[in-house]
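Colleague: Chain by chain, the residues:
2 protein chains.
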Amino acid sequence: MNQTITLITGNLNKVRELSRLLNIELSNEKINLPEIQTTDVAEVAKVKAEAAYKIVKKPVLVDDTGLTIRAWGELPGALIRWFIDNVGNAGIVGMLGDNDRAAFAATALGYCDENGSRVFNGMVDGTIPEKPRGENGFGFDAIFIPKGSEKTFAEMTSDEKDSFSSRAIAAAKMRELLKN
Amino acid sequence: MNQTITLITGNLNKVRELSRLLNIELSNEKINLPEIQTTDVAEVAKVKAEAAYKIVKKPVLVDDTGLTIRAWGELPGALIRWFIDNVGNAGIVGMLGDNDRAAFAATALGYCDENGSRVFNGMVDGTIPEKPRGENGFGFDAIFIPKGSEKTFAEMTSDEKDSFSSRAIAAAKMRELLKN
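Same order as they appear, the protein sequences are chains A and B.
Going by my numbering, the residue at position 173 of the first sequence is 173; the numbering climbs one at a time, nothing skipped.
When you read off a place in the second sequence, starting at 1, and then add 1000, the result is the number in my numbering.
Hints listed in this document are in silico derivations from the structure and should not be mistaken for laboratory results.
Among these hints, one or two may not hold up.
As the list claims (entries may be wrong) - Just so you have them, the derived chain B footprint on chain A, three or more residues with Cβ under 8 Å:
1) 38 to 52
2) 82 to 91
3) 107 to 114
Backbone N, C-alpha and C define an ideal beta-carbon position, used for all residues, glycine too.
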């Protein structure tokens, strides 16, 4: 696979993380594509990658990453950005109240080229802290502590985060495809 | 307009309420159409009505009704069903904690026929009770008290609910279209 891959996002943090994790140079393009209403990141990534390919007509990649709080069933999952944009990380923690703090982060990398689409999934268990902590990262990084660490993603260096993150797990699966 | 209108839903409560409010007989069809990811009921209703018309090829109607809790910005809005399905009305009230209880309900009726699509909007202010109350109605009826009443929608008769509901306001606008 020698062709450049276009990451469909306006989020430069995602471009940076995925270029590092996939060990390739990604171009990026912000295209406003409707996302489907679901808590499932894999569904969002698949549909969006296929829609983006029809427009870009070159290999495209979509990253959809969600945070699921087990006490809330499937919520927010892929709907996390609505929570972050409307109540922020502190608001999410507030809504959780005294509920159990178990959670998981999930990343779906949707890839589409002339041969069709593939989705690579990564998932990591963890917990929600009492309040947001840390300044690094982006999105929900300040309210997710992956299993095996006591730090939130936002308290970690990039290397530390990559050793735990659902994005890194999904990207490792995709690297296998890139090799072949 | 002499043609039957097909309401795109599997929810018989919606069929019943809208037949009554529009004073016409509605047929209904459950079509699994992806809804777009947004808090805005008008966007969902428009896109879904247009997609449904392409399949049904007869006049179609879509009802998207949301509940927005002002302390949560635009949430849940059109995403309400994910909240109800995952944490239930009691869970939503629990997530609200000590926050201000102001809220509004919004209905968008998306209609589409061979002449294109129209959206009719209804909105009603209200508050969220301390816990779910009442057995009537459906959806979030047990956790919404419209301004001007002390009852939740689920504590009202159909007639009472119709005198307050965002669905009734949107339907009144649509009746004007049906007359012409």
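Colleague: Against each hint, give a clear statement of whether it holds in the structure.
Modeller: Hint check:
1. 38 to 52: holds (count 4)
2. 82 to 91: holds (count 6)
3. 107 to 114: It is violated: at least three residues are needed, and the stretch 107 to 114 of chain A offers just 0 whose Cβ sits closer than 8 Å to chain B.
Of the numbered hints listed earlier, the single one contradicted by the structure is hint 3.
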